[in-house]
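Undergrad: Residues per chain, in single letters:
Protein chains: 2
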Amino acid sequence: MLKLSHRPDLVNIQTAHKEINAFIHRTPVMRSTSINEIAGCDIHFKCENFQKIGAFKMRGASCAGLSLSNEEKEKGLATHSSGNHAQAVALTAKLMGTKAYIVMPSNSPEIKKRATAGYGAEITFCEPTIEARKSTLDEVVRQTGATFIHPYDNYNVICGQATCAKEFHEDITDLDAIMAPIGGGGLMSGTALCTSYMRPTTRIYGAEPEIVNDAYLSLQKGEIVKNTRIDTIADGLRTNLSDKTFEIIREHVTEIFTVTEQEIVDAMRLIWERMKIIIEPSCSVPLAALLKNKSSFSGQKVGIILTGGNVDLGNLPF
Amino acid sequence: MLKLSHRPDLVNIQTAHKEINAFIHRTPVMRSTSINEIAGCDIHFKCENFQKIGAFKMRGASCAGLSLSNEEKEKGLATHSSGNHAQAVALTAKLMGTKAYIVMPSNSPEIKKRATAGYGAEITFCEPTIEARKSTLDEVVRQTGATFIHPYDNYNVICGQATCAKEFHEDITDLDAIMAPIGGGGLMSGTALCTSYMRPTTRIYGAEPEIVNDAYLSLQKGEIVKNTRIDTIADGLRTNLSDKTFEIIREHVTEIFTVTEQEIVDAMRLIWERMKIIIEPSCSVPLAALLKNKSSFSGQKVGIILTGGNVDLGNLPF
Numbered sequence: 001m002l003k004l005s006h007r008p009d010l011v012n013i014q015t016a017h018k019e020i021n022a023f024i025h026r027t028p029v030m031r032s033t034s035i036n037e038i039a040g041c042d043i044h045f046k047c048e049n050f051q052k053i054g055a056f057k058m059r060g061a062s063c064a065g066l067s068l069s070n071e072e073k074e075k076g077l078a079t080h081s082s083g084n085h086a087q088a089v090a091l092t093a094k095l096m097g098t099k100a101y102i103v104m105p106s107n108s109p110e111i112k113k114r115a116t117a118g119y120g121a122e123i124t125f126c127e128p129t130i131e132a133r134k135s136t137l138d139e140v141v142r143q144t145g146a147t148f149i150h151p152y153d154n155y156n157v158i159c160g161q162a163t164c165a166k167e168f169h170e171d172i173t174d175l176d177a178i179m180a181p182i183g184g185g186g187l188m189s190g191t192a193l194c195t196s197y198m199r200p201t202t203r204i205y206g207a208e209p210e211i212v213n214d215a216y217l218s219l220q221k222g223e224i225v226k227n228t229r230i231d232t233i234a235d236g237l238r239t240n241l242s243d244k245t246f247e248i249i250r251e252h253v254t255e256i257f258t259v260t261e262q263e264i265v266d267a268m269r270l271i272w273e274r275m276k277i278i279i280e281p282s283c284s285v286p287l288a289a290l291l292k293n294k295s296s297f298s299g300q301k302v303g304i305i306l307t308g309g310n311v312d313l314g315n316l317p318f
Numbered sequence: 001m002l003k004l005s006h007r008p009d010l011v012n013i014q015t016a017h018k019e020i021n022a023f024i025h026r027t028p029v030m031r032s033t034s035i036n037e038i039a040g041c042d043i044h045f046k047c048e049n050f051q052k053i054g055a056f057k058m059r060g061a062s063c064a065g066l067s068l069s070n071e072e073k074e075k076g077l078a079t080h081s082s083g084n085h086a087q088a089v090a091l092t093a094k095l096m097g098t099k100a101y102i103v104m105p106s107n108s109p110e111i112k113k114r115a116t117a118g119y120g121a122e123i124t125f126c127e128p129t130i131e132a133r134k135s136t137l138d139e140v141v142r143q144t145g146a147t148f149i150h151p152y153d154n155y156n157v158i159c160g161q162a163t164c165a166k167e168f169h170e171d172i173t174d175l176d177a178i179m180a181p182i183g184g185g186g187l188m189s190g191t192a193l194c195t196s197y198m199r200p201t202t203r204i205y206g207a208e209p210e211i212v213n214d215a216y217l218s219l220q221k222g223e224i225v226k227n228t229r230i231d232t233i234a235d236g237l238r239t240n241l242s243d244k245t246f247e248i249i250r251e252h253v254t255e256i257f258t259v260t261e262q263e264i265v266d267a268m269r270l271i272w273e274r275m276k277i278i279i280e281p282s283c284s285v286p287l288a289a290l291l292k293n294k295s296s297f298s299g300q301k302v303g304i305i306l307t308g309g310n311v312d313l314g315n316l317p318f
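Protein sequence lines correspond, in order, to chains A and L.
Heads up: the first sequence at position 296 corresponds to 296 in the working numbering, and the numbers run straight through without jumps.
Heads up: the second sequence at position 290 corresponds to 290 in the working numbering, and the numbers run straight through without jumps.
The following block holds chain A by itself, in its conformation from the complex (with noise of 0.2 angstroms):
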């Protein structure tokens, strides 16, 4: 896999798509015949929370973890994440035999500190601030030569989130739309190339939880808008759009929604009762954008990405 420079383009993802093929699942698209009928269109939905580590994270890691060189891979990965980008990232390095270094902030949820020590990977706790999470990766990589994997701003991890899309087109060929949550926008803008690519006349949609609502607000402003806030129930989400994702979905997409974390919370056990499936709060946003926006949807065959199910079973919104 090269080391891209430049968005990637149709050959890239598929490039991607191949080399990365022993490191991901190719998940299920499930439907609920109740849920359409609770929203009016045909929703189908992306099973991500099946994927390796149990999200979508693992695209993207691989896909950059396999543009190192030799030299690169041999003194390892490192991150800072508080879920699944770290897991992605400890797995990764264990299938490449090689180290993961994960700077993860104290407060992380349980499941996610077990599965990642779980992966072999050496954790280094900080605070849970931004600050404090860059700094102590500074250190770790100064000491272990290790390579920084950013959770999105990073081409190689947007072409490796947009062979999701890829799949999806390739398995139902006539979606009138495509949605997915908006955290860092490393699965949005991914996901919005690889549709912009195969499939052109698919809607975009982003949708974000209120309280950190960035994508929606830079979308508006015209430029990077930080989030002021982060106390919301999707954990997934809390973070900032970046340089490269931002102009990606800047261009690409059609619309962002925004819903309460009531709705967040709504949507998520609408999918665990109706379909039978552990998704997490930061999953269920695009459905709760779906649900409060059903007059844009009427009828319709609506892409839904489903993107994880790491959810702490000992401490659930319902």
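There's no promise every hint is true.
Calculated lysine-lysine pairs in the DSBU-like style (CA-CA distance at most 35 angstroms, straight line) [what the hints assert, rightly or not]:
no., chain 1, residue 1, chain 2, residue 2
1, A, Lys18, L, Lys301
2, L, Lys113, A, Lys294
3, A, Lys99, L, Lys294
4, L, Lys294, A, Lys94
5, L, Lys94, A, Lys301
6, A, Lys294, L, Lys99
7, A, Lys301, L, Lys18
8, L, Lys75, L, Lys99
9, L, Lys292, A, Lys94
10, A, Lys301, L, Lys113
11, A, Lys301, L, Lys99
12, L, Lys94, A, Lys292
13, L, Lys113, A, Lys292
14, A, Lys94, L, Lys301
15, L, Lys94, A, Lys294
16, L, Lys301, A, Lys99
Since the hints were made in silico from the structure, they are not lab data.
Small disclaimer: the values here were computed from a predicted structure and weren't measured.
Here the structure of chain A is known, so what remains is to put chain L in place on it, guided by the hints.
TA: Positioned in the frame of chain A, the structure of chain L alone reads:
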């Protein structure tokens, strides 16, 4: 569909499978690398939690419903059930364009009450005793002329449940063993019969909670033994074997394992965390039994039927 007055044979099962096609989903088979590592064998999970109404019971209820005469169909279907069989009869009646009359104990889980009502059934609540269920049902049948669909002591129901094993053996053709939980024994006897026809070398195991081990004791004693208590978390397995199911189970089942309540909860949580799917406590019983008896399955290919996913999210055991 014929009304069966004898054990279903393979042709009956094949015919039933065709005729109930519009009433059921063909459910997927899933695997989990991490559970396989823990178990030391290769487990294939048949996901009836994704079945219509969220449980395998839809197979048997529809097979029984379709066997009624036109006159019987017109007067409707009736049953008593605290759970999944109620929903299955309710949806079967709805799809057949007739009425369902359901007697439910007043302490049934909320999710099951709401779902049954949601399918348009007429519900009569009764005291939570077997006697009250039967006498209330008798009264409902007397008043309406509806036909009682017994949850398991009915060869058409057994034949319908057998279609689950049929799909399983079609999709995974070389199972060394197949496991199912035992409540009244409808699924177990259907699974045993179908396996004896389609793949007689596959060993057939049942699994029960220790505190409702009526099937285990019945096999030991050579006659039906009834449960003396029913306070297991596995609410689908509180019932006793019937004449029809006992005769089939004693002839075909290799062995019945029993497990503790804690083992049931642990196995349920393991499936939720590792597979990201929602199953009810009753259906983690076979995995709990396998993990307790690993040496019997070492290195083998084992099929486990995950029977249902209707769990009250407001009342979880963890």
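Undergrad: Take the hints in turn and mark each one as holding or not.
TA: Consistency of the hints with the structure:
Of the supplied pair hints, the one linking lysine 18 (chain A) and lysine 301 (chain L) holds, its CA atoms being roughly 29 angstroms apart against a limit of 35 angstroms. About 28 angstroms separates the Cα atoms of lysine 113 (chain L) and lysine 294 (chain A), which keeps this hinted pair within 35 angstroms; it holds. About 33 angstroms separates the Cα atoms of lysine 99 (chain A) and lysine 294 (chain L), which keeps this hinted pair within 35 angstroms; it holds. Straight-line distance between C-alpha atoms of lysine 294 (chain L) and lysine 94 (chain A) comes to about 27 angstroms, which keeps the hinted pair within the 35 angstroms bound.
With a C-alpha separation of about 27 angstroms, the suggested pair lysine 94 (chain L) and lysine 301 (chain A) falls inside the 35 angstroms cut-off, and the hint holds. Among the hinted pairs, lysine 294 (chain A) with lysine 99 (chain L) is consistent with the structure: their alpha-carbon atoms are about 32 angstroms apart, no more than 35 angstroms. As the CA atoms of lysine 301 (chain A) and lysine 18 (chain L) are separated by approximately 29 angstroms, the hinted pair is consistent with the 35 angstroms bound. For the given pair, lysine 75 (chain L) sits about 7 angstroms from lysine 99 (chain L) by alpha-carbon distance, which is consistent with the 35 angstroms threshold.
At roughly 30 angstroms between alpha-carbon atoms, lysine 292 (chain L) and lysine 94 (chain A) fall within 35 angstroms of each other, so this suggested pair holds. As the CA atoms of lysine 301 (chain A) and lysine 113 (chain L) are separated by approximately 32 angstroms, the hinted pair is consistent with the 35 angstroms bound. As the CA atoms of lysine 301 (chain A) and lysine 99 (chain L) are separated by approximately 33 angstroms, the hinted pair is consistent with the 35 angstroms bound. About 30 angstroms separates the Cα atoms of lysine 94 (chain L) and lysine 292 (chain A), which keeps this hinted pair within 35 angstroms; it holds.
Of the pairs offered as hints, the one joining lysine 113 (chain L) and lysine 292 (chain A) holds, with about 27 angstroms between alpha carbons and a cut-off of 35 angstroms not exceeded. The straight-line distance between the Cα atoms of lysine 94 (chain A) and lysine 301 (chain L) is roughly 27 angstroms, inside the 35 angstroms bound, and the hint therefore holds. With a C-alpha separation of about 27 angstroms, the suggested pairing of lysine 94 (chain L) with lysine 294 (chain A) holds against the 35 angstroms cut-off. Pair hint lysine 301 (chain L) plus lysine 99 (chain A) holds up; C-alpha atoms about 33 angstroms apart against a cutoff of 35 angstroms.
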